Amino acid sequence: MRLVVSLVSVLLLLAGSAPVRAEQGVTDTEIVLGCSNSFTGPLAFTGEQLTKFGIDLYFKGVNDAGGIHGRKVRTVYYDDGYKPQEAVANTKKLVDQDKVFAILSPQGTAPVAATLEYLEQNRVPLLFPYQGSPVTRGKKYVVNGMVLYDRQAKMMIDYLVLQRKFKKFATIYQDDEYGKAFLVPFEQNLARHGLKLVGAESVKRGATDVSAQIAKLQAAKAEVTFVVLTPGPGAQALKERQKIGWTDTLMVSSGPLTDERFLGLAGEAAEGVEGLSLWPDPLTSDLPGLRAYREALKTFAPKGEPNRYALHGYFAAMMFTEGAKRAGKTLTRESLMTALTSMKGFDTGILPPITIGADREPLTQGFWVRMEKGRFRQLTDWLKSE
Amino acid sequence: MSTATLVHVVVSGLATGSIYALMALALVIIYNATRTLNFAQGDMLMVSTFAGWAAHRAWELPLIVTMLVAVAAAALLALVIERVIIRRSIAATHWDVLIITVGLSLMLRSAAGLVWTHEDQAFPSFFGDRPITLGPVKLAPVSLGIIGGSLALMLCLYGLFTHTRVGRAMRAVAQNQRGARLMGISVERVYSLSWVLAAAVGAIAGVLVAPVTFLSTKMGIVVINGFTAAVIGGFGSMPGAVAGGMLLGVIENLAPLYLPSGIRYSVPFLILVAILLVRPAGLFGRIEQRKV
Amino acid sequence: MRRWALGALGAGVLAWPWVAPRYFVFLASLILVNAVVAIGLNLLSGYTNQLSFGHAGFLAIGAYAAALLTIHAPAIPVVVTLLLGGAITAVVGLAFGVPCLRLGGLYLSMATLAFGFVVAEVILNLDALTRGADGLRVPAGRIAGWALSTDTARYYLAAAVTAVLVAGAVNLTRTRVGRAFLAIRESEVAAQASGVSLAAYRTAAFGVSAFYTGVAGGLFAFVVGYLSPDAFDVFLSVDFVVMIILGGLGSVPGSIMGAAVVTVLHDWLAAFQNFRPLIFGAILIACMLFMPGGMARALRPLGRR
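Residue numbers (the numbering used here), protein chains in the order written: chain C, 1 to 386; chain B, 1 to 292; chain D, 1 to 305.
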């Protein structure tokens, strides 16, 4: 009997702990944001960079300067280890228990897709998710974060076919949603030019050896090989190419791969690699936004190194801050979405002026780079995927 | 596919296979002494390689010293784990230790991530990446180096087990524990020793393979390939572990060459299941009689 | 007393969605799903000494089977879908289990580990059916024309199914098969000597275990609403092992307690991010060293009082 009484009192306690408020996650002094992300599992590094060295970095600056309309930003992160069921649990917990105002920059196609319906139903803004599959396109409460993969594929192929006059393309891609999300648009865009892939080889996540795949692509005599892998296997593919002395192909890295981490791992094997870059060089760019980013990194997280994952988080936090500022003192989810989707020509100092239209896809551009003496050198101006 | 390509892919597979073989040997060394499976073997490899790397970065050590640091770290880790945790469950069934080492595996991976982050790190190599050309065939020095280094280590192990007192004691314990004890061999010391030896073998494998696959907290998963290799060869047999490892490495590399992407990555597991079903004793092993 | 306790528990389970915040209803559903898996795994490991590191694979088969049935044959009532999911999983479990009979101990554990990998790999590559790595959205299950589209509805479904399966597991130990399981648990050799066919009962245990886990997989699909091969990795299988080790091998109440504690801890520790595996690993080791028999044995003196 005592058990029942205690059980019931626990239940009542839990039930009573849910206060009702005008707009969830916003008080006079605070805005609560959060996301489910990978802190363990295959993409743990990216997850940590996005959140602790990206989002938090920017908000520390904002909070030190007095916050947004006097409200400090607080962030809550939970680990999903890249599992959709945990992303669902974490996101429900964030919305129902932690009462977050919006979800900022969660990671991965399956984890994000798993939470989409729930967030839409509850009208919780999902801002700048770090994933590029088109599943997040056309949702009412989503502002897309990455240049979606089909747009990246289109830019890469149009540039290489029209401006560089290449004809024989192949790809080495990761055997998961990231790799496969590039495969179909590669084929579609090549078909527009009357071409097709001469080779497509998959690599298992966490593979130890890619010699067979590279050998097959060499035998297919590809002029251009798209590398759609994560930094580790990507660098392995480059080293493998060096091992067999395959020089007459151009290796081209996908947007998420075009990062200094990847170059660091591949070392001199990365010389001459080209790629689509979605962000300016975080280490050396002179753009005011990047100088501010490196300054913030020095001040708030001296142990962190500049990279594009962290920069994505930093950018996402900056965009949220701008949106929340424009929404004014009475911040609601609807007013935030209105402010964000009516944003025109906002200068971040990182990317070209940002306009978020009705399609909620603010990022549609990238530029072409080539790796020369350990750095990416910019070859073109911003390319558009329109 | 041209012969030159085939040779390159097979050699590359032998290099990967050497690492599997070393991992299999490490598992077999512990299994023979204690009749238990150390699921954390791969994560011990990972942690000790990280330790060597950290020392290398801090003091700019030459590579050979880095390897010694990794081996020392591995030995220390193994000794502590064996004495503090495994020894307490010495009377336990084989799967108690399996579960404990699964727990250890989780802890080591997580702890390594906290200390060194989960990102991939470049690791210095003894060998270059530029190909050596032999007629139409191109071979990578790093592949040959891994194979050579592993074979040298295997020879050392062979010498240890056949020509030293310690090695003979370990073999005696493997054959008959009670008999060995009656002969005056300290079985407990052999337990500790086999953990230390297995960890040291793992550390060397880690230093050899890290330049190719990069150093990361994910590399502990190699234990599964090591186990598969040991099973192919016949669990408990050392020559079997070596042959099984090499075979697995080559098959794993040839699969993407000939099989569609849908099936190629299941091949190692299908081989494991097939061997277990068709010939559980493996290529070299004997079926143990179950005693009451 | 026992009847009172059961009644109180039943009332608590029924009342839960009306007193608890929405998130805790969802969390309770997850506990129920995990409890069914833990019972299923325990029938195999606790009774017939076969440790599986591949139950995430069985869960995946049940989950995908239920999801695909719901998508392609929405007219089938949800209970039938769950049963079919369980049956399909049991068939696969038997097909896999029968040849594995001869393998003892470590080999079987490793064969199940390999099984888990192969299942994830197959799901990934059957993308025409499973949508591969992109993941599969699971529509709401239907029963008598009524869609189970709220957390509360799904919770009641999970609670009802769990209740039936718990009753089944408890009563199993009173049947001939169950007594044979218990005999095998105590001593394989002695059981064999008294005429218990080790092979037959091990196979049966495999089938029953796979059936339970497959049904749990169906529940999982409806409760979570989204499936992808990444969901069912070896770490999930290890989580299930933690549940039965912590709860107590060979104990049905222990399985439920283990599932509840692990699920709740998992939830609390989500904020500790990469400390989580560290803590779970430590729990596993501590249980093996200091609490053999798990919570079921540790709490037994309390029950007697």
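The set of hints was computed from the structure by calculation and includes no laboratory data.
Among these hints, one or two may not hold up.
[To be verified] Listed below are the simulated DSSO-like cross-link pairs for lysine-lysine, each with C-alpha atoms no more than 30 Å apart in a straight line:
| id | chain 1 | residue 1 | chain 2 | residue 2 |
| --- | --- | --- | --- | --- |
| 1 | C | K384 | B | K138 |
| 2 | C | K325 | C | K165 |
| 3 | C | K221 | B | K138 |
| 4 | C | K52 | B | K138 |
[Stated by the list, open to error] For the chain D half of the interface with chain C, some residues (derived, Cβ under 10 Å), not all of them:
| id | residue |
| --- | --- |
| 5 | F26 |
| 6 | L27 |
| 7 | R179 |
| 8 | L227 |
| 9 | A270 |
Every value quoted in this text rests on a predicted model; they were computed, and no experiment measured them.
For every residue, glycine included, the Cβ atom is placed at its ideal position computed from N, Cα and C.
Against the structure, the hints come out as follows:
no.: 1; hint: C:K384 / B:K138; result: 42 Å, violated
no.: 2; hint: C:K325 / C:K165; result: 46 Å, violated
no.: 3; hint: C:K221 / B:K138; result: 17 Å, holds
no.: 4; hint: C:K52 / B:K138; result: 45 Å, violated
no.: 5; hint: F26; result: 5 Å, holds
no.: 6; hint: L27; result: 7 Å, holds
no.: 7; hint: R179; result: 31 Å, violated
no.: 8; hint: L227; result: 7 Å, holds
no.: 9; hint: A270; result: 4 Å, holds
Of the numbered hints listed earlier, those contradicted by the structure are 1, 2, 4 and 7.
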